[in-house]
Structures are given as C-alpha cells and as structure tokens.
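Trainee: Taken in sequence, the protein lines are chains U and D.
Quick note: the first sequence, position 208, residue 209 per our numbering, numbers continuous.
Quick note: the second sequence, position 110, residue 111 per our numbering, numbers continuous.
I should point out that these hints are in silico values taken from the structure, not numbers from a laboratory.
Fair warning: there could be bad hints in the mix.
Chain copies aren't distinguished; within one or between two, either way the pair holds.
No farther apart than 25 Å at their CA atoms in a straight line, the calculated lysine to aspartate or glutamate pairs in the DMTMM-like style are these [what the hints assert, rightly or not]:
| # | residue 1 | residue 2 |
| --- | --- | --- |
| 1 | Lys74 | Glu43 |
| 2 | Lys73 | Asp8 |
| 3 | Lys74 | Glu46 |
| 4 | Lys73 | Glu63 |
| 5 | Lys73 | Glu57 |
There are 2 protein chains.
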Amino acid sequence: MLTLPWDHIDDSSPIAARMAAWAAREIIERRFEPGTLLTEAELAEALQASRTPAREAMLQLERWRLVRLVPKKGAIVTTVTSAERRDLLAVRAMFEVDAVQSLTTDDGLEPVAADLRVLLDQQKQAVEAGDTLGFASADYSFHARIIRSGGNAVIDEMLTTMGPRLARLTYQVIIDRPSSLETLFDEHAELTDLAERGDVEAFGPLVRRHIDATHFA
Amino acid sequence: MLTLPWDHIDDSSPIAARMAAWAAREIIERRFEPGTLLTEAELAEALQASRTPAREAMLQLERWRLVRLVPKKGAIVTTVTSAERRDLLAVRAMFEVDAVQSLTTDDGLEPVAADLRVLLDQQKQAVEAGDTLGFASADYSFHARIIRSGGNAVIDEMLTTMGPRLARLTYQVIIDRPSSLETLFDEHAELTDLAERGDVEAFGPLVRRHIDATHFA
DNA sequence: ATGCATCTATCAATGCATGCATCTGTTATC
DNA sequence: GATAACAGATGCATGCATTGATAGATGCAT
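All chains, please: the whole structure from these sequences, using the hints.
Mentor: Written out as structure tokens, the structure is:
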C-alpha cells in the first residue's frame with residue numbers, strides 16, 4: 002500500500018536498515034531533538050553492532066533529510082523549518098493533483114476510494130489508541146495512495162524518499178496542535194467521500210484547501 | 002547553477018564520492034552496459050581503493066537509479082526503459098510548468114533568461130566539440146535553471162537526485178538518434194526567446210511540446 | 001598582574017583498509 | 001536429476017590514519 006520505508010523492516014533485515022529505521026523513529030518522535038549531534042558510534046552501540054552498518058544508516062538518514070551530514074564532524078538532527086513545511090506540502094499537493102487529473106474516466110476513482118476508506122479507518126484506530134506515529138504513518142499512506150493512482154513510478158520513488166519527512170511533519174503538527182487532528186481526519190473523510198463519488202473535478206481544490214486548513218491554520 | 006552531482010567532485014573529494022562520480026559517467030557513456038554486474042571489488046580496484054568506499058558509492062549509484070542493488074548478489078546496471086523515460090520527463094515537465102507558473106509578475110523571467118542564454122551557449126559549444134555528455138549536462142542545467150526559479154527547495158533536491166538519470170536519458174537520445182540534437186537545441190533556443198520576452202503563458206505548452214518533439218518523435 | 005590573542009596538545013569523530021562470516025549461484029559428482 | 005562442494009559476492013567487525021574542534025598553555029601588550 003506504499004507505506005513508510007521502515008514498515009517492511011524486521012529482525013531478519015540487514016542491521017544497517019534496522020539502524021536507519023530505529024533512528025528515524027527516534028528522530029520523528031523527538032527522542033533525538035533537532036540540533037543533536039548523532040554519532041556513528043552511539044548508533045552502533047544502540048543496536049549492538051559495529052560502525053560500518055551505522056555509517057550506512059547515516060547515509061539513509063541524510064537521504065531522508067532527518068539529519069545533515071557534516072564531513073569529519075557528524076550527523077546533526079535537522080529542524081523542520083516553516084519553509085520546508087511549505088515546500089514539502091506544495092510538492093505533495095502537486096503530485097496529488099497531477100495523479101487525480103491523470104485519472105481519466107476509463108479507470109476512475111473507485112479502486113482508490115476503497116483503499117482510502119481502509120486507511121481512513123486505520124487513522125481512526127490510531128487516534129483512539131493515542132498512537133501519534135501510527136496516525137502520521139496512516140496519513141502518509143492515505144496521501145500516497147492518491148498519488149500512486151497516477152501510475153508514475155518516478156513520482157512513487159520520490160514520494161517514498163519524502164515519506165519520513167512527511168511523517169515527521171505530520172507528527173509535529175499533531176504534537177504542537179492536537180486540535181488539528183480532528184480537522185485532518187475530517188478532511189480526509191471528505192476526500193474519501195469525494196473519491197467514492199468519483200468527483201475528479203473537485204479533488205484539486207479540496208486537496209489545496211486541506212493543506213491550508215490543517216497545516217497553515 | 003545547479004549542475005550534475007559530480008561536477009563539484011575533484012581529487013580532494015572523498016574517495017567514495019569520486020568512485021560514484023566515475024562509475025556514473027562510465028554508465029552514462031555506456032562503457033558499463035545495462036545488465037552488467039558491477040561488483041564492489043572492481044569499483045575499488047578501478048580507483049585503487051578499498052571496498053568500504055566502493056560500497057558507499059554503490060549506494061549513491063542506486064539512489065541515482067543507475068544500478069539496482071540485489072542483496073548478497075551485486076549491483077546490476079539498469080536499463081532506461083520507455084516507461085522510465087515517460088515518467089521522468091513527465092516529472093520534469095510538471096516541475097517546469099509549476100515553476101514558471103509560480104513566477105508571478107513581481108519577479109519575472111528576466112534573470113532566468115540571462116542564465117538560459119549562457120547555458121544555451123554551453124550547449125552550442127558542446128555540440129561543436131562533439132561532447133555528448135557535455136551537452137547532456139548543459140541540457141540538464143538548462144531545465145534545472147527553469148525549475149530552480151520556482152524557489153522550492155524540496156523540488157531542487159529531487160531534481161538533483163534525478164539529474165544523473167536525466168543526463169543518461171539525454172545522452173542516450175542523442176546517441177540513438179543524432180538528428181534529435183538539432184531539434185533539442187532549436188527548442189531550447191525557442192524557450193530562451195520566450196523567457197527573454199517574459200511570456201509566462203506560452204511556457205507551459207511549449208515545454209510539453211518540447212518533450213514530445215524531442216523524446217517521442 | 002591581568003586580559004587577550006595565538007599556538008599547541010589532545011580528543012573525539014569520521015574516512016578508509018582489511019579480514020572474516022555468510023549467503024547465493026554454479027559446477028561437479030553420484 | 002538431486003545433492004554436495006566450491007567460488008564469488010556481499011554483510012559486517014575491527015583497527016589505524018586523518019581531521020576538526022577545543023581546552024589549556026604560552027607569550028605579549030596593557
């Protein structure tokens with residue numbers, strides 16, 4: 002369903018991938034605060050491994066823009082700036098609008114709508130369980146499902162690398178302003194309804210309104 | 002000017018970065034053919050270094066989608082499929098159109114036009130010198146300059162990681178059908194003229210026509 | 001004697017080399 | 001045709017070299 006990169010990682014995965022996944026979650030859930038200097042050695046020790054896979058994990062984290070790699074110094078946990086938030090969401094919106102527009106009458110929104118409904122339910126459950134990261138993850142999958150319907154593999158790839166940043170952003174929005182959770186959920190429901198009705202025209206405007214309403218209120 | 006990733010790499014750069022740059026050019030200029038199994042050991046030997054930085058370079062190459070990393074097996078040089086070509090160019094067009102549209106009357110196209118003129122001259126020189134990779138590189142910078150004018154940092158990042166793939170695509174188009182070089186150049190000139198006249202409206206359609214004309218003729 | 005700039009020694013972190021374990025595909029053997 | 005040994009590749013651990021930052025010492029001017 003196009004989930005976050007670490008959703009496929011388990012105990013049998015290469016240690017480097019596990020390290021990246023672990024560190025990513027630590028950063029998103031703010032156990033590593035922005036500005037912190039993260040070293041290969043501590044990452045290695047945290048998962049009882051050596052520096053070699055830790056270094057590989059660092060490269061992943063930089064690719065996800067969760068850290069900034071400073072040569073010969075270390076990895077500094079990045080900050081989610083307002084500019085990044087704006088640019089990131091603008092790209093997501095662009096992808097979504099493009100995907101929906103490319104959905105001509107021949108395929109339609111029906112199969113998408115079904116998946117959105119499932120993901121909407123996941124969001125509901127995450128909210129009830131108080132699982133903020135779970136919600137952020139489902140939120141990502143929700144938007145990713147829309148974008149994926151466009152059938153552009155390159156966009157899929159780019160979205161995947163944007164995934165952790167988007168999840169972090171959503172997580173932060175919820176932590177900073179818990180009331181936005183309701184708005185977020187309601188608008189997702191509205192988008193799902195729209196998809197079920199197959200109203201392609203109204204999708205673009207609603208997507209943009211959704212972003213304005215929830216992230217720049 | 003937003004060049005290809007390896008244009009900043011020199012002899013003082015980390016060996017891992019030099020390896021990635023070297024291998025990328027080898028692949029683009031088809032000295033490593035698609036389907037070839039590329040091993041860490043040969044990459045290391047080629048630049049007289051060890052496997053550790055070679056492994057790091059492999060991760061870069063995979064990020065650029067020049068190779069596909071198969072766990073416990075090796076790196077296989079990818080093929081530029083027609084689907085990839087379509088998707089890649091669709092994304093580039095989307096970015097370009099978005100950038101030009103976000104250019105409201107307040108800033109305008111003038112500063113962009115000046116840079117485009119310079120890059121157009123670079124392309125001309127590359128053609129005369131018979132430097133195909135040089136042309137592909139200038140072609141990338143040309144389109145990148147348009148996209149960069151949109152001022153979206155996330156798009157810039159994504160474009161940068163797309164850079165090597167785009168360069169490879171352009172290189173291949175020229176090798177396969179040298180006549181397209183003229184068309185490519187002419188259309189770039191037309192785009193530059195348009196930018197100098199500040200005609201934002203006509204940009205979108207021309208960008209799309211440019212792609213159709215040169216890449217799907 | 002004190003304040004300040006500079007220089008140096010030290011340390012922590014990366015960058016890289018090397019060696020071993022493990023896994024996968026292949027070939028030889030029955 | 002199944003199976004077992006083998007070879008070649010990655011995955012990871014470990015050790016050394018190199019570099020950038022910092023704290024302390026040193027010298028000079030005030």
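Trainee: Flag every earlier hint the structure violates by its number, smallest first.
Mentor: The structure breaks none of the hints.
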